[in-house]
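Enquirer: Chains as they are written, first to last, in our numbering: chain L, 1 to 156; chain R, 1 to 156; chain S, 1 to 156.
Fair warning: there could be bad hints in the mix.
In this list, chains with the same sequence are indistinguishable; a pair is considered to hold if it fits within one copy or across any two.
In silico SDA-like links for lysine to any residue, alpha-carbon gap of 25 Å or less [stated by the list, open to error]:
1) K110 / D45
2) K110 / G13
3) K10 / A25
4) K90 / P46
The set of hints was computed from the structure by calculation and includes no laboratory data.
In case you want the letters, here they are:
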Amino acid sequence: MTGTIEAKLKDIGLDLPEPAAPVAAYVPAVEANGLLHISGQLPFDPQGELMTGRLGESCDLETGQAAARACATMLIAQMKAALGDLDRVKRVVKLGVFVNSAGDFTDQAKVANGASALMQQVFGEPGRHARSAVGVPVLPLGVAVEIDAIVQVHEA
Amino acid sequence: MTGTIEAKLKDIGLDLPEPAAPVAAYVPAVEANGLLHISGQLPFDPQGELMTGRLGESCDLETGQAAARACATMLIAQMKAALGDLDRVKRVVKLGVFVNSAGDFTDQAKVANGASALMQQVFGEPGRHARSAVGVPVLPLGVAVEIDAIVQVHEA
Amino acid sequence: MTGTIEAKLKDIGLDLPEPAAPVAAYVPAVEANGLLHISGQLPFDPQGELMTGRLGESCDLETGQAAARACATMLIAQMKAALGDLDRVKRVVKLGVFVNSAGDFTDQAKVANGASALMQQVFGEPGRHARSAVGVPVLPLGVAVEIDAIVQVHEA
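Please build the complete structure, drawing on both the sequences and the hints.
Expert: Okay, structure coming up:
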């Protein structure tokens, strides 16, 4: 079965980026008791630039959704780096979505859908996950969205 | 033993609402390796209306606590929907409480107690949980409180 | 092997404080299925006073890092209280770091490093963890940083 998800990535034309190095003294992901906890990922655009801005101010909904999708893409890149083979993903369990938001922006769920849709597209039914999505006033390096994840994995 | 917690709900007069459908592309709860991760739940009042507002501005402490309790009620409704039987709840492990807060409102813990007290009332000792409670500047659809949860479950 | 981490604490001159009692209706930590979930911890200075303030306004980076380290110290104190012996810590899995931030402060990662560095110093390789770090507009009791944690534990 090895390579099923990789084939899916090819099908949908999704190139995984180099997994981002942590910007600080921690690691991208830790596997413990069958669950992989992945650090909060920041969004990079196709040119490798950070996607910054605040929803409701300097970032529109469509761009926010693209940023969420970029975070999810990086989460998948981290899964591959940590697990070796994306077919070891048994279930995407939970996404924690933090949206850089003006005080009157209340469409965090729509922003987060950019990430959720990609997980389902890539992993199918096992890509359907629990989620929380909240507004925050600011994020590291000024990015628009940050997302962390918990993934259930098959034994190596 | 089936029905112990249901009986407790009757004792305290708590009617579970219909579990809310996700407002987006995800699922309400995922069970993996004996832990149920439940999506962030929004508060609904008895009329089924979203409880909106910001603590320290448009929402007082008592209303905030009622909103936290309403989130907890919905979490329990999601547990029932996911597990079939609430007696499969072995331990409420963790609540993540996000309180829509003005910059000078610092009683997030008191707000969150509205949820914590209900968990203990319904589940007894196994309802006692770890928790984080933080302020956020805004939440989806303008609600006052959002709460997600991790629950340890008995095998089905 | 009992006492290895305690000896390390002595080596680096770190005195654990009394583990803080929850400020509300919950418990400091819950062990379930080999994972210890620890409640969000607030920072106390050596005099036992809460470390308050907002990064980018009333709290500079160095003080914020000290506050993050103080949260991490309290997390370790809670591990000891919950597990009895710190040598039961198998792996620090995840830190969730919430930084009280002005809207233009984007160095949450640098603040969080105050906690991450201590975990690695105390636990060595098993202290290296996944992490998310986000800005929030306000925290309980006005503290500068709040951190929760997930820790993989050896069976008692």
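Enquirer: Compare the structure with the hints numbered earlier in the document and write down the numbers of the violated ones, lowest to highest.
Expert: Violated hint: only 4; rest satisfied.
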